[in-house]
Amino acid sequence: MIDPHKWTDRVVQMKLKADSSLDYGWVLGYNEDYAMGKQTSREINSPKVWTIYNTRKNYPLLMNDKHIPAGTVLHAISYRQPVHHDLWSDNATAVYFHEIAGYLYVYIDYHQSLIGSSNVLRDRVSLPPQYSGLSFAIADSTSNITLKTDEYIPSGGLILDVDCTVDHYAHLRLKVKL
Amino acid sequence: MAKTANYNLEKPVNQSSGWGDAVNQNFDTIDNKLKENADGLAGKAPSDHGHTTAAIISALANSLSSGDFEALLLKILGSSTDNMPKSLADLKAHIAGTADKHGSDKIDYNDGATVRTVQAALRALEDDGSVDTAKIADGSVTQAKLATELLTYIQENGGANSEDVELLMGLFKASSNLYNPNDHDELYNKYYNTSSLALLTGLSGRTTGNIPVTEGVTYALWINPKSEGDTNNALKFYGSSYFVAHDGSSIIPWGDGDLILTDINKTAIFTVPVGAKYIHTFVSDPGEDTGTSYFTDMDDFRNRIMLELGSKTTFVEFGLTPVDMYTKSEVYNKSEVYNKSEVYTKDETLGEEFIDNVLGGLFILAPNNLNKGEGTLTPSLFPYRDDYPITGAIFNESAVLNDTPIYPDEYEYMRRITSARTNAQNTKSTTINIDNDNKPSIISYGFWVRDSDISNGEGSFLYWIYSVEVLSALYVNLYDSTLEVGKTTIGTFSKDSTFSGSTKIKCIAKRDGFSYIAITWHDIVWDESFELSSFLFYEIINASSLASLSVGKIDRVGLNFSLENEIEYSVVYPDEDGKKQFPANISSIKNEVDDISDNLFAESKNPVIAYTNGNSVYVRSKFSKDYDSVITMGLNGTVGAKFMSEMLIPSSVKWENLNSGAFSIKASGDDDYPTNMNQGYIGGNHGLSYVYKLTKINHGFDFGDIGTVWNDSTTPTAKEFAIVSIIDSDNIVVAGKDTSVTDEWLLQQTIEGTTLTEIGGSSRTFTGWVSTGIYFMSTQALFPHVSTPKTKILIDGKTIAEENKLYRCSHVDIINEYDIFHPGKMRQYAIDNVGTFTSNITQEEADINIARQSRHNTTFRCGGYGSMIVDYSMEFNMAAHISICGFIQASAFASSSTVRAYAPRAAVNDNNSIDCRIRNFFD
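Taken in order, these protein sequences are the chains called A and B.
Read in our numbering, the first sequence has 24 at position 24, and its numbers run on one by one without any break.
Read in our numbering, the second sequence has 1561 at position 561, and its numbers run on one by one without any break.
Warning: the hint list may mix true and false statements.
Within a straight-line C-alpha distance of at most 25 Å, the following computed DSS-like cross-link-like pairs (lysine-lysine) qualify [to be verified]:
| hint | chain 1 | residue 1 | chain 2 | residue 2 |
| --- | --- | --- | --- | --- |
| 1 | B | LYS1825 | A | LYS66 |
| 2 | A | LYS57 | A | LYS38 |
| 3 | B | LYS1625 | B | LYS1654 |
| 4 | B | LYS1737 | B | LYS1805 |
| 5 | A | LYS6 | A | LYS66 |
| 6 | A | LYS38 | A | LYS177 |
| 7 | A | LYS17 | A | LYS38 |
| 8 | B | LYS1035 | B | LYS1003 |
| 9 | A | LYS15 | B | LYS1625 |
| 10 | B | LYS1792 | A | LYS57 |
| 11 | B | LYS1666 | A | LYS17 |
| 12 | B | LYS1719 | A | LYS177 |
| 13 | A | LYS17 | A | LYS57 |
| 14 | B | LYS1719 | B | LYS1693 |
| 15 | A | LYS15 | B | LYS1033 |
| 16 | B | LYS1737 | A | LYS17 |
| 17 | B | LYS1805 | B | LYS1825 |
| 18 | B | LYS1790 | B | LYS1825 |
| 19 | B | LYS1805 | B | LYS1693 |
| 20 | B | LYS1666 | B | LYS1719 |
| 21 | B | LYS1792 | B | LYS1825 |
By construction, these hints were calculated from the structure, which means they are not laboratory data.
Quick caveat: nothing in here was measured; it's all calculated off a predicted structure.
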């Protein structure tokens, strides 16, 4: 489910196993809630979004070809971390999370190529127990993912339905108040 | 004579006489009236006195207008009355409608559900483990939710006081304990399962000891449902129980002796009577009466029967029968559980309930891996026997010393708790089978001891561990730290070098007048010749030196304790006799106390392990089922902190090991971020490109030539290159003139021609050189391009990390700061000071003299689960042209042939985009 207005804020790279199934991965991305990491800021400051050289080295952009006066302060928050789903979900392509400024940001991705296109998938995403009971807001979601547990993170895990029968991708991003 | 108006008292006329009778008559009248008044008031106040509060309020209510009422409130409260009741009737309605905020236990919602106050909810939780049953019933509310709801309610409606907050926190805590993601495992976390089997006498009875209970709480007692346990009489085990009061007496609430469970799958439900402290339990089989045991195979018996005690509400809530619980948990199946390290390593299954009630009494040997992996965890416990006689105990000295332990197999894998009598000696022992091929690298144990006992003075504890079959002994004493220089002994009688290691002793908790002393041997290296098959763990409490000692549970609960905080004692070997008993300075150790909650199962609370050797920082945290993440950051890069590597390490590798078996998933040496500004990349591991290294054998320059300026052959106007450093006798570095009229530097580049001609001075020429473009930075041009970096490492945001110390923490901050020097002003400094240099320009000199274009502050926060947050800010002292700014960059991950990528939600704008589909790069 492509959002034509969405700027790339993160790139997930996944290593394949010998049988071509996904192994572990690694993600590089911006927090979009703060400062220059906001898409609105990036749209103003840069016509370019993200560059990947043929060496596969990633160069995300926040500002491009701008003159700034003395006294200017530029700042943003980004993250980088390895990605693996197996502790948190049986079906997600990636589940990862990190804490920033009093919030836990949770990223959950699904792909049709992994979960199939014949049925709506019911999945459970279990986060570490210290996050159980915390309230959250859905920061971003594709329309083909339905979170069945609302308001707070149940200790039994987040339950969600993923429908990739048509769209090849589903995504959910939660912002959890710590 | 005039008279008063009310009581006709005489008023004598001035200058008159003969009024004495009149005055006396007046006094009589006054006296009578006073008496009347006094009598009339007796018994009147306050109930029917005319000025009661009710009367006043009534009078006010009848007379005050709403405006007057509001004015009165305003006068009393001194603040706005915008939201205040406008009348007493309104005030009454307000109080009635907000009863929860005014001390009531509960209020009713419109939907009929009952919502309790915090106090009421917590009380319910404490009483019977339940919460708002009306909401539990529809499955929508858990304790965690309730706590959240209550918090929200308080936040939105006020009414919280400090007591409320405290209680709410307690509720959260309780909720967290009771509800866990792996709820099928967590069920067992709720039980008061400190029961176990132990021999009573011979083979005719099986006591399960005293199990702590809480007054007023309803429990269920049942027998393990493995019906095949008794091969002779499969379905008829007897379970028996009675309560033990605080004073040790028996309480038998069901009358006429023991409660007998005559069958498996039967549950006795009872509420603990007031005064009860334990429930005494045992199981036996019908053969007991005949004096002949049906249990011909004790191993079989041990495997197949268990008496369990659980909270009634726990399985009722979950709608499970004991059979279901047993099947799901497998906790008591020794062959599976105690060989499955994950039982103890999935931190999400380990709440405090688990610590308190399930692990209580564990003695853990963790062979190779403190946290996880395939190592065998071998718990062992001791029978709780307050009533052991001084003599004739099952475990006596002769049995141990003669290497004839009684029923050693019975105690393998058993979970027991123990207590030593006052003046006890040689109170208990147990054996623990150890695979000789899997000798433990760490052994830990501990015990609770009453503060009142150890505060009396020096005493001694001796915990001996024998290798049963070879009669060598591993031997540890907790010595007096003053008399024996803190000597703790681990070794053998024969002084053979069976293993070496270190010992740490720590009081890690204090509760209810007890101190918990933990003793850990770690980094044990075994001599291969030592044939180890089992330990006989043998405790001696030296009555002579610690007469009043009482020991509570042998109770080393936890795998992830904090080694670094424990007190280290050197490892030496014992004397020949191996039996010396020295008084132990427990009283000093107990003062070195950490909160047990911070030391036990630290992984869930502190998911990060951090270590620095001064050159690098290593950060390890859980990543997947099989691997942990290890991030390595350098500390002494050009700009201070620098990325080095991202690795995975098998989770089976013990937690303090940060590199064994680790492999790289990503080379990150080129991930330090430079900004492309003015003329190119600078910062990170970049200096301005380019300045030029001119190579000529024996070029003839010395440091005095730094700052000289040379023209190249460019026409019509030559470019001007200044010598900025002397690399060696064959290489110098020159930098082109900054032609910018602003602070956005623009240094001349590319030397034209083959001859450089000195401007001014002796107009020397320099030829025969070979030019190589290099970065204008210290590592290449020997000219500092950034200020001395400031780098520090903070543990949990507050403690500066010490070198060579292992930390468990929630996160590690690597904080870095440096300034970028203006390259044109670097060159100009050399020119301005030509002829003065006796060396290349040093870092200290540059720090003082070179103008700084921008400051770069970065915090790399390494948190749990491999995460790293990069908070980057740049403060510009000068105007700049930003060509590319991103604050992060990342070299390729893994190998190209096996990597796919996707960019969540990103649009496709050409065939080469990485978009939200998983695809090859550059498909």
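Hints and how they fare:
1. B:LYS1825 x A:LYS66: 23 Å, holds
2. A:LYS57 x A:LYS38: 23 Å, holds
3. B:LYS1625 x B:LYS1654: 15 Å, holds
4. B:LYS1737 x B:LYS1805: 49 Å, violated
5. A:LYS6 x A:LYS66: Measuring from Cα to Cα gives roughly 22 Å; hence the hint holds.
6. A:LYS38 x A:LYS177: 19 Å, holds
7. A:LYS17 x A:LYS38: 35 Å, violated
8. B:LYS1035 x B:LYS1003: 21 Å, holds
9. A:LYS15 x B:LYS1625: Roughly 16 Å separates the two Cα atoms, so the pair holds.
10. B:LYS1792 x A:LYS57: 28 Å, violated
11. B:LYS1666 x A:LYS17: Holds, at roughly 16 Å.
12. B:LYS1719 x A:LYS177: 59 Å, violated
13. A:LYS17 x A:LYS57: 22 Å, holds
14. B:LYS1719 x B:LYS1693: Holds, at about 16 Å.
15. A:LYS15 x B:LYS1033: Judged against 25 Å, a Cα distance of about 108 Å means the pair is violated.
16. B:LYS1737 x A:LYS17: 54 Å, violated
17. B:LYS1805 x B:LYS1825: At roughly 42 Å apart (the allowed maximum being 25 Å), LYS1825 of chain B and LYS1805 of chain B break the hint.
18. B:LYS1790 x B:LYS1825: 22 Å, holds
19. B:LYS1805 x B:LYS1693: 43 Å, violated
20. B:LYS1666 x B:LYS1719: The given pair, whose Cα atoms are some 43 Å apart, is violated under the 25 Å limit.
21. B:LYS1792 x B:LYS1825: Distance ~29 Å between LYS1792 of chain B and LYS1825 of chain B Cα, so the pair is violated.
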